[in-house]
Amino acid sequence: MAIQTKKNEMPVQNAALRARNFKEVALGYNEELAVAEAQRCLNCKNRPCVEGCPVNVSIPEFINKIKTRDFEGAYSVISESSSLPAVCGRVCPQETQCESKCTLGIKFEPVGIGRLERFVSDLHNENYKGSTALPKSNGHKVAVIGSGPSGLTCAGDLAKKGYKVTVFEALHLAGGVLVYGIPEFRLPKSIVEKEVEALKQYGVEINTNVVIGKTLTIDELFSDGYEAVFIGTGAGLPRFMGISGEGLKGVYSANEFLTRVNLMKAFETNSHTPVMNARNVAVVGGGNVAMDAARTALRLGAENVYLIYRRSMEELPARKEEVEHAEEEGVIFEILRNPVEIIGYDNPENKRDKKNGFVKGIKVIKCELGEPDEKGRRKPVEIKGSEYVIDVDCVIMAIGTSPNPLMKNSTVGLKVNSSGGIIVEEDTGKTSLQGVYAGGDAVTGAATVILAMGAGKTAAKAIDEYISKKDL
Amino acid sequence: MYRIVKKTILNQSVTMMDIYAPLVAKKAQAGQFIILRVDGDGERIPLTVAGFDRSVGTVKIIFQVVGGTTMRLNAKNEGDCISDFVGPLGCPTKTDGVKKVCIVGGGVGCAIALPVAERFNELGCEIHSIIGFRNKDLLILEKEFAKCSDRLTVMTDDGSYGRQGLVTEPLKEFIANGEDYDEVIAIGPLIMMKFVVATTKPYNVPTTVSMNPIMIDGTGMCGGCRLTVGGKMKFACIDGPDFNGFEVDFDEAIARMNAYAEFEQKERETACNLFRKEVK
Numbered sequence: 001m002a003i004q005t006k007k008n009e010m011p012v013q014n015a016a017l018r019a020r021n022f023k024e025v026a027l028g029y030n031e032e033l034a035v036a037e038a039q040r041c042l043n044c045k046n047r048p049c050v051e052g053c054p055v056n057v058s059i060p061e062f063i064n065k066i067k068t069r070d071f072e073g074a075y076s077v078i079s080e081s082s083s084l085p086a087v088c089g090r091v092c093p094q095e096t097q098c099e100s101k102c103t104l105g106i107k108f109e110p111v112g113i114g115r116l117e118r119f120v121s122d123l124h125n126e127n128y129k130g131s132t133a134l135p136k137s138n139g140h141k142v143a144v145i146g147s148g149p150s151g152l153t154c155a156g157d158l159a160k161k162g163y164k165v166t167v168f169e170a171l172h173l174a175g176g177v178l179v180y181g182i183p184e185f186r187l188p189k190s191i192v193e194k195e196v197e198a199l200k201q202y203g204v205e206i207n208t209n210v211v212i213g214k215t216l217t218i219d220e221l222f223s224d225g226y227e228a229v230f231i232g233t234g235a236g237l238p239r240f241m242g243i244s245g246e247g248l249k250g251v252y253s254a255n256e257f258l259t260r261v262n263l264m265k266a267f268e269t270n271s272h273t274p275v276m277n278a279r280n281v282a283v284v285g286g287g288n289v290a291m292d293a294a295r296t297a298l299r300l301g302a303e304n305v306y307l308i309y310r311r312s313m314e315e316l317p318a319r320k321e322e323v324e325h326a327e328e329e330g331v332i333f334e335i336l337r338n339p340v341e342i343i344g345y346d347n348p349e350n351k352r353d354k355k356n357g358f359v360k361g362i363k364v365i366k367c368e369l370g371e372p373d374e375k376g377r378r379k380p381v382e383i384k385g386s387e388y389v390i391d392v393d394c395v396i397m398a399i400g401t402s403p404n405p406l407m408k409n410s411t412v413g414l415k416v417n418s419s420g421g422i423i424v425e426e427d428t429g430k431t432s433l434q435g436v437y438a439g440g441d442a443v444t445g446a447a448t449v450i451l452a453m454g455a456g457k458t459a460a461k462a463i464d465e466y467i468s469k470k471d472l
Numbered sequence: 001m002y003r004i005v006k007k008t009i010l011n012q013s014v015t016m017m018d019i020y021a022p023l024v025a026k027k028a029q030a031g032q033f034i035i036l037r038v039d040g041d042g043e044r045i046p047l048t049v050a051g052f053d054r055s056v057g058t059v060k061i062i063f064q065v066v067g068g069t070t071m072r073l074n075a076k077n078e079g080d081c082i083s084d085f086v087g088p089l090g091c092p093t094k095t096d097g098v099k100k101v102c103i104v105g106g107g108v109g110c111a112i113a114l115p116v117a118e119r120f121n122e123l124g125c126e127i128h129s130i131i132g133f134r135n136k137d138l139l140i141l142e143k144e145f146a147k148c149s150d151r152l153t154v155m156t157d158d159g160s161y162g163r164q165g166l167v168t169e170p171l172k173e174f175i176a177n178g179e180d181y182d183e184v185i186a187i188g189p190l191i192m193m194k195f196v197v198a199t200t201k202p203y204n205v206p207t208t209v210s211m212n213p214i215m216i217d218g219t220g221m222c223g224g225c226r227l228t229v230g231g232k233m234k235f236a237c238i239d240g241p242d243f244n245g246f247e248v249d250f251d252e253a254i255a256r257m258n259a260y261a262e263f264e265q266k267e268r269e270t271a272c273n274l275f276r277k278e279v280k
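Line by line, the protein sequences are chains H and Y.
Here the working numbering is used: position 213 in the first sequence is 213, and no number is missing along the way.
Here the working numbering is used: position 273 in the second sequence is 273, and no number is missing along the way.
Do not rely on the hints blindly, as some may be mistaken.
To be verified - Interface residues of chain Y toward chain H, partial, derived using beta-carbon atoms under 10 angstroms:
1) K26
2) S55
3) D251
Hint data in this document are derived by calculation from the structure and do not stem from the laboratory.
Computed from a predicted model, the values in this text were never measured in an experiment.
Where a beta carbon is used, it is the ideal one built from N, C-alpha and C, also for glycine.
Okay, chain H solo, but in the shape it has when bound (with noise of 0.2 angstroms):
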């Protein structure tokens, strides 16, 4: 039989429909498409793909499973490496990890591993109903800051090899960037609770509303028994350009932007918390983050979303999928630009005047592209005299944040580096602290999902090691 050469395609929703509803993007496989998928895996030997995931996922043996239509099988497969396969099936950028290893796809199109794991995930979730086995306790008590995707899977690991573990979540919902970042229609909030119940299955206790290093610090955690401490706090505070006009109302960071839509709810009728209706918004940036930010904006009722990023398409970091979504329901893309003012609205005749110190529009320069930076990405350069004004209501800046201070702040002997991301020891998550263990954004700065997954599967592996040893 020949090989077909192409994915099968993941039906998605119509793309003028979804710009303006909440409800997910993509629809995923059927029985037959994920079959279908399944078939094209050639099976190699030397199983490429599975160095390409940051978690191992047994790639080709889950792929087997649902060749034979063990569906149930192929999520064991997965679940003993992955906490949270039903998130990552969604968000992971497979087209730079496991599917860019993928041998089918030195010739072809590679086999759609995403789309797989995500289909096998989603079945599970539908159909199983037992309960999981507690696993048997050994007694030892380990506490996780941050209830994101790193510390989900820290705590998944942990709980399973038969931990007390105890996650500490700041907000009111688990869930982390999950919950408050990434949007409903490209991560549905059901799956993450899902997935966090999964955990509580396990044993894992979620604490909301605890602030680590406000209500408690690493020390009291330490006095109250907990033999180990995994920071998974994230990225933190939202960067901003520092340009004239990001104090006027209308202007956001990304964060901000996305929490009150996400977690808040701002998009239902009746929420509580509101969000500016803004009918032109600019979204400042080219990461996955500022695809969620004008997607987002669009689904609120946008007419008109610019996207304004100061290389070219080619270097947006955000994941191919994102770009094309974005591009098909109607986000414009603003590249080879770079702002230079926000400009409020100010009405000399009259200081009462309801619209005085909204935003009116962004003032932006052309860019071409130069020299190759440090990290061989060609640097924007400012084209002289080309700047022009886009009429805007609205500004989100979704240019990355930096680590939030917090934890630094209220641990004694905590070391960061220069950009303030704390300094742990690659194969283990050691920081320079004993029994404290970190990863995910908190260490990295902004980064994805499966890499914080990955890093808190690290830091589980470490922990156990060193409460086995001291118990040794």
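Dock chain Y against chain H, hints included.
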């Protein structure tokens, strides 16, 4: 869930509640704040800590019933619970090196000024307090301030109680008459704090203001609470809420406060209708 242990009506629009939150009570210090949600679908609002009792694990909040959320909170009674209560957030008020302080409170801001005055009192400082209200009916915490202050001046806008006028008037007199304060601490409406700063600046008396901007997470993640202080962007939740009053861009802060005025108006009306129905 966090239980309301005690509810006290201070005046027609200001309510005091003691909330059972032992972890927060254990750590809270004057000048810090908490964030609460009344119900499962509620918004997150910041309120400055108005007191705490570590022995029984309660934190005192005092709030003005101004919007939908505070109406919903005010509809709760002793024994009821609110769904979320997190803190203490922000930095405590700095007290180092202060021997003589003037504390200026305006309206419901006095609720936040009181624990600060009490803290300075514990430290043995000389305290002059000036508290101002629109009228006699809105007066709160007079006795409590009298107890911890060496000198208390009560002002009302309409003269229905105490002295008539704005808090800046006695403040200016005191300073002009040679009261050598190490620090003036102003807590109240933005416009009041702006004018306190304008009063102290010519005399160069160090002045601290407590900012209470719109906030969501309260831990530095959203950046909604950003202010311009000394020409730099600061986050009230992480860097504040106390700031050097001489450096704060009040006009920007005032403008940012009413970003959602229209929405808040609607919320108020919805909440009003809701509670009217319930009463029937």
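Numbered hints the structure breaks, given as an ascending list: Hint check: 2 fails alone, others pass.
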